[in-house]
Amino acid sequence: MSDGLSPPLGAARDAASVLYLDGVSVVFDGFRALNNLSLIVGAGELRAIIGPNGAGKTTMMDVITGKTRPTEGVVRFRDHDLTRLDEATIANLGIGRKFQKPTMFDALTVFENLELALKAPRGPVACLRWALSGEARRRIEAVMEEVGLTARSRDRAAILSHGQRQWLEIGMLLMQDPELLLVDEPVAGMTDQETEHTAALLVRIAGRRSVVVVEHDLEFVRALGSKVTVLCEGSMLSEGSIDHVQNDPRVIEVYLGR
Amino acid sequence: MSATLASPPPAGSGRLTLRLLMLGAVLLLAVLPALNRLPADSALHVSDFIVSVSGKWITYAILALAIDLAWGYAGILSLGHGAFFTLGGYAIGMHLMRLIGPRGVYGHPVLPDFMVFLGYKELPWYWLGFDHFPFALLMAMAVPGLLAAVVGYLAFRSRITGVYFSIITQAMTYALMLAFFRNDMGFGGNNGFTDFKELLGMPLNTPTARSALFYASLALLVLSYALCSRITQSKLGRVLVAIRDAESRVRFLGYDVTRHKLFVFVLSAVLAGLAGALYVPQVGIINPGEFSPGNSIEAVIWVAVGGRGTLVGALLGAFSVNALKTWLTTVAPDLWLFALGGLFVAVTLFLPRGLIGLVSKVAK
Numbered sequence: 068m069s070d071g072l073s074p075p076l077g078a079a080r081d082a083a084s085v086l087y088l089d090g091v092s093v094v095f096d097g098f099r100a101l102n103n104l105s106l107i108v109g110a111g112e113l114r115a116i117i118g119p120n121g122a123g124k125t126t127m128m129d130v131i132t133g134k135t136r137p138t139e140g141v142v143r144f145r146d147h148d149l150t151r152l153d154e155a156t157i158a159n160l161g162i163g164r165k166f167q168k169p170t171m172f173d174a175l176t177v178f179e180n181l182e183l184a185l186k187a188p189r190g191p192v193a194c195l196r197w198a199l200s201g202e203a204r205r206r207i208e209a210v211m212e213e214v215g216l217t218a219r220s221r222d223r224a225a226i227l228s229h230g231q232r233q234w235l236e237i238g239m240l241l242m243q244d245p246e247l248l249l250v251d252e253p254v255a256g257m258t259d260q261e262t263e264h265t266a267a268l269l270v271r272i273a274g275r276r277s278v279v280v281v282e283h284d285l286e287f288v289r290a291l292g293s294k295v296t297v298l299c300e301g302s303m304l305s306e307g308s309i310d311h312v313q314n315d316p317r318v319i320e321v322y323l324g325r
Numbered sequence: 024m025s026a027t028l029a030s031p032p033p034a035g036s037g038r039l040t041l042r043l044l045m046l047g048a049v050l051l052l053a054v055l056p057a058l059n060r061l062p063a064d065s066a067l068h069v070s071d072f073i074v075s076v077s078g079k080w081i082t083y084a085i086l087a088l089a090i091d092l093a094w095g096y097a098g099i100l101s102l103g104h105g106a107f108f109t110l111g112g113y114a115i116g117m118h119l120m121r122l123i124g125p126r127g128v129y130g131h132p133v134l135p136d137f138m139v140f141l142g143y144k145e146l147p148w149y150w151l152g153f154d155h156f157p158f159a160l161l162m163a164m165a166v167p168g169l170l171a172a173v174v175g176y177l178a179f180r181s182r183i184t185g186v187y188f189s190i191i192t193q194a195m196t197y198a199l200m201l202a203f204f205r206n207d208m209g210f211g212g213n214n215g216f217t218d219f220k221e222l223l224g225m226p227l228n229t230p231t232a233r234s235a236l237f238y239a240s241l242a243l244l245v246l247s248y249a250l251c252s253r254i255t256q257s258k259l260g261r262v263l264v265a266i267r268d269a270e271s272r273v274r275f276l277g278y279d280v281t282r283h284k285l286f287v288f289v290l291s292a293v294l295a296g297l298a299g300a301l302y303v304p305q306v307g308i309i310n311p312g313e314f315s316p317g318n319s320i321e322a323v324i325w326v327a328v329g330g331r332g333t334l335v336g337a338l339l340g341a342f343s344v345n346a347l348k349t350w351l352t353t354v355a356p357d358l359w360l361f362a363l364g365g366l367f368v369a370v371t372l373f374l375p376r377g378l379i380g381l382v383s384k385v386a387k
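Line by line, the protein sequences are chains A and B. For the first sequence, the working numbering assigns the number 68 to the initial residue and increments by one for each residue that follows. For the second sequence, the working numbering assigns the number 24 to the initial residue and increments by one for each residue that follows.
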């Protein structure tokens, strides 16, 4: 579990690491939402992040995606310093995010939501001239099939159930074709079967891309079979396999409460 | 903007019916100047008043389209679009003033009357070029476009949205009104411009000029509608709707929201400027009162009454509210502002999707 704790400086340039956080702190009005957090995610790695409410999981995602500027610390994606870039630029570098509360465009259909997420030139003129190619349509249809929304293609997102909204947002993430996926509580509101399906999907995606999953559902985290990072009060508390962290006395004390 | 207000595009036969209705309305408008030429005792004769008032309403309808594109689709509620409209009007007004030439009251070969009266020795530099129609037309688009680009860039970059942006646009039009009221601005101060003689070789206030301006306005309306529908039916239109409903989410998909908002806001201002440029020769006067914040608010009410986010609703709203205004200000002029306010409250409470929403509900 020592890897990732005190990474040597310059590790971001290591081809194997995609995401590199070092000594990141975020202070809101004196409250330290993140406190000297360091984390390395390798290429193709699947990483689960757990922790009690208020541990800083969502703030960490905000820092990586440019929504929140860290008070101090280094945040790198490959060779890019993310602390200087805005959300759109970061997204275009290849970082996709699924929000804790599924967020999409309710006035648009399932198909249109996926079409907007599809990786393509993003400028206003390019969007005006955009014509849906057969290739793009097939990609959208493939993702709809993957997330089980083919039958809802022409329905507006507003009328989807909570679980279907989760799927749609995962689908949007896939359309962006990102190198790094940040997935915040993907299985909230899903049935057991859907949860299993999601775990299998994320495991399949990892390998080709890096995936960071924040989740409370420990059964789901176990199904991912990945390395687990436990956050607490804005810092890393423990890291290792699910069995390792579940038996770590510090984790049991603050989180699992057994 | 609540998502429930976004009406899905009318599907299938609904869209066809809509297109036929709109084609009918355009044809009906198109024959008005011809009917005006019929002898006055003919049953089909249309008065000069009807022609000139409809020509004016057409320019209002273009302004309403421009507002709907920005507000109804991208969620940018500008309460200063009257400023873009008026700037376009002033640009063409400057051309019309230059064309008066020595026919002014003071008979000065170059300077407009108000400049002679105020003791100007020569034409201010920013009046140069306005003797050429193409230049004036270009300025009628460029000045509103540039102002929108500057105000929009500063506001959108700083992520000023919603009511805060609306207040800025109100301040913008109010500031312009105060500035144009000043005599030393060189735009005729309080009185603005009037007594126009001709445009493109046509003496104004003749049936020929009236119908030419009418058809030019109608053509611009049709073109603007075609352009706006092209945008709203494209992926850009869907990006705008996405920005309206969840702006920050669009950023996380990699869209530079500032650029998209700026694009639509500037385009909207240019359309408003062109509408103003056609309005001024038809009404024969332009003065700083046109910048008054109330005018911009009134134009937004046309769109709200018609049904925003539909384009057709903007047209319907502009024509119906102005018809009501023309009628009411004749029978009971004091009641108009109360009626306008009441209309806005009533539409907000009972017809959140405007007249278009009512029509589609009744049709079902």
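Each hint should be verified, as a subset may be incorrect.
With beta-carbon atoms standing in for the labels, derived distance ranges [said to hold, decoys possible]: (1) B:L246 with A:H229: 43 to 51 Å; (2) A:T138 with B:P157: 52 to 60 Å; (3) B:R42 with A:G201: 26 to 34 Å; (4) B:Q256 with A:E320: 56 to 64 Å; (5) B:F156 with A:R196: 27 to 35 Å; (6) B:G317 with A:P188: 19 to 27 Å; (7) A:G111 with B:A386: 14 to 22 Å; (8) B:R38 with A:I226: 19 to 27 Å; (9) A:E208 with B:Q256: 30 to 38 Å.
Worth flagging that the hints you see were computed from the coordinates, not collected in a lab. Cβ coordinates follow ideal geometry from the N, Cα and C atoms, glycine included.
Violated hints, by number in ascending order, as checked against the structure: Structure breaks hints 6, 7 and 9.
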